[in-house]
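J.: Under my numbering, think of the first position of the sequence shown as 10, with each following residue one higher.
Treat the hints as calculated values from the structure; they're not laboratory data. All values derive from a computational prediction rather than experimental measurement. From the three backbone atoms N, C-alpha and C, an ideal C-beta is built for every residue, glycine too. Keep in mind that the hints are not guaranteed to be accurate.
[To be verified] Okay, derived cross-link-like pairs now, BS3-like style, lysine-lysine, Cα gap no bigger than 30 Å in a straight line:
1. LYS235 / LYS481
2. LYS101 / LYS275
3. LYS460 / LYS429
4. LYS492 / LYS522
5. LYS522 / LYS235
6. LYS522 / LYS429
7. LYS492 / LYS545
8. LYS584 / LYS522
9. LYS545 / LYS594
10. LYS545 / LYS235
11. LYS628 / LYS481
12. LYS54 / LYS42
13. LYS492 / LYS584
14. LYS481 / LYS435
[Said to hold, decoys possible] For each label pair, taking beta carbons as the anchor points, the in silico distance ranges come out as:
15. ASP140 / GLY49: 22 to 28 Å
16. GLY49 / GLY75: 25 to 31 Å
17. THR618 / GLY486: 28 to 34 Å
18. ASP140 / ASN47: 18 to 24 Å
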Amino acid sequence: MRKRTILFIIIILMLPFWGGCSDQRSELQEEAKNGLLNLGQDNLKNDVISLDGEWKFYWNQLLEPGELEQGSMNSYVNFPSSWTKYSTADEKISGYGYATYGLSFISAENEILALKIPKVRTAYKLWVNDDLIASAGEVGQTRDTMVPQYLPQVTSFQARQGENEIVMQISNFYRPSGGLLNSIQLGDEAQLLGLRYNGIAYELFLFGALMMMGIYHLALFFFRRKDPAPLFFGLFCILVAVRTLLIGETFFFTLFPGFDFETAYKIQTLTYYLGVPLILMFFRAILPEYFHPRIIRLTQFMAGAYLVVVLFTPTWVYSVINPLYQIWSLLMICYLFTRLVKITRHRKKDSWLIILGGLALILTCIMDIITLSGWINESWPTLLKIIFQGDNNSSTGQLIFAIAYSFLLAKNFSESMEYKTSMGEKLTEMNNQLDQLVVQRTEALTASNEKVAQQNLELERINQDLQRISLKDPLTGLWNRRKYNETIPLEWLRCLRHEQPMALQFIDVDYFKNYNDQYGHMAGDECLIRISETLKTSLPRSTDMAVRYGGEEFIVFLADTRKEEAMNIAQMLLKSIEALAIPHKGSLVKDCVTVSIGVSCMTPDVNTTYEDLVNVADKALYHAKSDGRNQVKYLEA
Numbered sequence: 010m011r012k013r014t015i016l017f018i019i020i021i022l023m024l025p026f027w028g029g030c031s032d033q034r035s036e037l038q039e040e041a042k043n044g045l046l047n048l049g050q051d052n053l054k055n056d057v058i059s060l061d062g063e064w065k066f067y068w069n070q071l072l073e074p075g076e077l078e079q080g081s082m083n084s085y086v087n088f089p090s091s092w093t094k095y096s097t098a099d100e101k102i103s104g105y106g107y108a109t110y111g112l113s114f115i116s117a118e119n120e121i122l123a124l125k126i127p128k129v130r131t132a133y134k135l136w137v138n139d140d141l142i143a144s145a146g147e148v149g150q151t152r153d154t155m156v157p158q159y160l161p162q163v164t165s166f167q168a169r170q171g172e173n174e175i176v177m178q179i180s181n182f183y184r185p186s187g188g189l190l191n192s193i194q195l196g197d198e199a200q201l202l203g204l205r206y207n208g209i210a211y212e213l214f215l216f217g218a219l220m221m222m223g224i225y226h227l228a229l230f231f232f233r234r235k236d237p238a239p240l241f242f243g244l245f246c247i248l249v250a251v252r253t254l255l256i257g258e259t260f261f262f263t264l265f266p267g268f269d270f271e272t273a274y275k276i277q278t279l280t281y282y283l284g285v286p287l288i289l290m291f292f293r294a295i296l297p298e299y300f301h302p303r304i305i306r307l308t309q310f311m312a313g314a315y316l317v318v319v320l321f322t323p324t325w326v327y328s329v330i331n332p333l334y335q336i337w338s339l340l341m342i343c344y345l346f347t348r349l350v351k352i353t354r355h356r357k358k359d360s361w362l363i364i365l366g367g368l369a370l371i372l373t374c375i376m377d378i379i380t381l382s383g384w385i386n387e388s389w390p391t392l393l394k395i396i397f398q399g400d401n402n403s404s405t406g407q408l409i410f411a412i413a414y415s416f417l418l419a420k421n422f423s424e425s426m427e428y429k430t431s432m433g434e435k436l437t438e439m440n441n442q443l444d445q446l447v448v449q450r451t452e453a454l455t456a457s458n459e460k461v462a463q464q465n466l467e468l469e470r471i472n473q474d475l476q477r478i479s480l481k482d483p484l485t486g487l488w489n490r491r492k493y494n495e496t497i498p499l500e501w502l503r504c505l506r507h508e509q510p511m512a513l514q515f516i517d518v519d520y521f522k523n524y525n526d527q528y529g530h531m532a533g534d535e536c537l538i539r540i541s542e543t544l545k546t547s548l549p550r551s552t553d554m555a556v557r558y559g560g561e562e563f564i565v566f567l568a569d570t571r572k573e574e575a576m577n578i579a580q581m582l583l584k585s586i587e588a589l590a591i592p593h594k595g596s597l598v599k600d601c602v603t604v605s606i607g608v609s610c611m612t613p614d615v616n617t618t619y620e621d622l623v624n625v626a627d628k629a630l631y632h633a634k635s636d637g638r639n640q641v642k643y644l645e646a
């Protein structure tokens with residue numbers, strides 16, 4: 010943890026120098042005094058001189074070489090700086106207007122030198138020794154006559170031994186402040202081109218890195234849309250990447266020198282305005298407990314309002330309100346800083362990466378705001394003026410932030426993979442245990458199923474026995490009345506379908522009550538059992554059915570049987586029961602047990618029912634008993 014803290018402090022302390030010192034001399038140099046810079050014996054083949062110091066200043070005058078003596082010089086001004094910091098005898102100079110700057114430098118010899126000219130607000134012409142060697146846009150005395158353009162460039166000229174004169178016309182009617190905010194550098198052309206190409210290469214590196222990171226994070230969001238953080242971060246990276254080409258060395262204008270200045274400046278401004286809510290929305294997405302949603306909505310509203318102004322007004326209008334948004338941005342930076350401090354105090358896991366990247370972005374954004382606002386003046390220490398000379402520092406800060414966030418994503422992904430691997434191993438182990446458990450359970454289940462199958466077979470057998478018992482008379486073993494009630498309707502329908510006759514016999518034991526009174530109920534039950542056995546053994550066909558109808562009453566059902574056969578069977582049953590010779594002293598017919606039988610027969614049709622057959626057989630039994638018992642009576646159904 011201590012090493013992290015030390016590394017963190019070192020990186021933060023070095024950040025300002027990364028952005029501001031890339032093209033500066035390591036040692037201090039002499040500055041111009043009263044419009045004159047004496048190079049002395051400086052070897053410009055091996056060194057680069059910044060033409061800083063006091064330049065002649067001619068406000069609201071566009072003078073060419075040879076006209077400076079006739080012009081009315083206002084004063085000497087410190088260069089580079091915005092002319093809004095100065096005043097004429099009558100008034101304070103506004104940001105809009107035009108002016109001429111003049112500087113003489115003394116060279117030790119005749120040689121070919123070059124000037125590295127940065128962005129100028131917002132059009133200029135530059136002469137050296139009466140030769141026009143560089144320009145950008147069209148210099149004019151009104152907004153209608155000038156054409157703005159940002160075009161940093163390196164241009165060479167023939168320097169002569171002794172005094173050389175530089176004359177520079179600048180006009181600005183588009184930005185709130187005019188003039189030059191960065192140094193013009195003098196030196197060998199190869200060295201100056203190297204500085205410019207290094208700057209362009211670095212900015213292209215920033216552009217490519219930020220654009221790739223932006224696209225990468227947009228792809229992350231595309232495949233995982235539940236988390237909006239990659240969306241906000243990706244859009245922010247792309248905005249900063251686009252802005253990188255429009256500031257600094259403005260490589261975009263090198264590629265497209267004729268591109269409309271107002272359109273390009275609108276794009277540059279919008280990347281800044283939209284970047285503020287996007288970065289706060291990103292922090293809100295990853296650390297929602299530290300960022301209040303009302304603050305986020307307020308930043309969105311401010312950005313939206315300024316966006317409308319930028320889209321529908323010209324540059325010279327919306328650039329006036331730009332300082333207000335810069336102040337608003339500083340307030341949001343302070344808010345973000347307080348949130349990062351709170352996160353640090355809470356020591357959230359891996360928060361140091363986000364804090365490192367966030368502070369890098371905060372510091373570089375502050376540097377850009379100070380630089381682009383023109384707040385730097387000649388009273389600032391030289392070191393600070395060197396640090397705040399670049400205007401593309403926030404791109405570096407965003408790259409550091411993106412790298413820190415990528416490290417965090419990589420760390421989270423690594424931990425996720427380790428967790429996934431660990432969970433996979435645990436899952437494999439659990440699956441193996443589960444397989445063993447399944448085998449054990451399967452064996453137990455198989456044994457249980459076999460046992461259940463055996464129990465089911467036994468239960469089925471018992472159910473069959475119960476079913477059979479439920480249809481059998483427990484005393485005699487004959488079918489009971491329930492079986493009779495189930496069977497006779499079916500047999501009736503079968504005979505009806507096949508037009509077959511069916512017969513029914515009603516049998517009643519004569520004077521059975523007297524038998525029970527004489528011999529007792531035990532003997533009565535034995536008597537009924539013997540009669541039932543006779544019925545079962547005497548019926549000739551398996552389709553014939555003997556039923557204990559109730560008490561001493563029996564029914565014999567004969568399918569596909571006509572009257573003659575039914576009467577023969579009845580007579581045979583009558584004689585067989587009498588032949589049992591069961592003593593019966595209480596009988597008024599014989600001294601043994603006898604029965605009376607009523608017989609009926611009919612062929613079913615649609616107009617009759619089996620109940621008709623039963624009723625007729627019952628009547629026949631009644632006649633048999635009325636006529637003296639121990640006989641068979643037949644009635645036609």
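J.: All hints are to be evaluated individually against the structure, with a verdict given for each.
T.: To see whether the hints hold, each was checked on the structure:
1. LYS235 / LYS481: Given that 30 Å is the threshold and the Cα spacing comes to 75 Å, the pair is violated.
2. LYS101 / LYS275: Distance ~28 Å between LYS101 and LYS275 Cα, so the pair holds.
3. LYS460 / LYS429: violated, 44 Å
4. LYS492 / LYS522: Given that 30 Å is the threshold and the Cα spacing comes to 26 Å, the pair holds.
5. LYS522 / LYS235: violated, 94 Å
6. LYS522 / LYS429: violated, 92 Å
7. LYS492 / LYS545: Holds. LYS492 to LYS545 sits at ~16 Å (cutoff 30 Å).
8. LYS584 / LYS522: Holds, because 21 Å separates the two Cα atoms, which is no more than 30 Å.
9. LYS545 / LYS594: Status holds; Cα separation ~26 Å.
10. LYS545 / LYS235: Given that 30 Å is the threshold and the Cα spacing comes to 85 Å, the pair is violated.
11. LYS628 / LYS481: holds, 26 Å
12. LYS54 / LYS42: Holds. LYS54 to LYS42 sits at ~23 Å (cutoff 30 Å).
13. LYS492 / LYS584: This hinted pair holds, its Cα atoms lying about 27 Å apart.
14. LYS481 / LYS435: violated, 65 Å
15. ASP140 / GLY49: 22 to 28 Å: Taking Cβ atoms as reference, ASP140 and GLY49 lie about 24 Å apart, which means the hint holds.
16. GLY49 / GLY75: 25 to 31 Å: Cβ of GLY49 to Cβ of GLY75: about 27 Å, so the range 25 to 31 Å holds.
17. THR618 / GLY486: 28 to 34 Å: Given a distance of about 29 Å, which is inside 28 to 34 Å, the answer is holds.
18. ASP140 / ASN47: 18 to 24 Å: With Cβ atoms ~22 Å apart, the hint holds.
The structure fails to meet hints 1, 3, 5, 6, 10, 14 from the earlier list, while all remaining hints are met.
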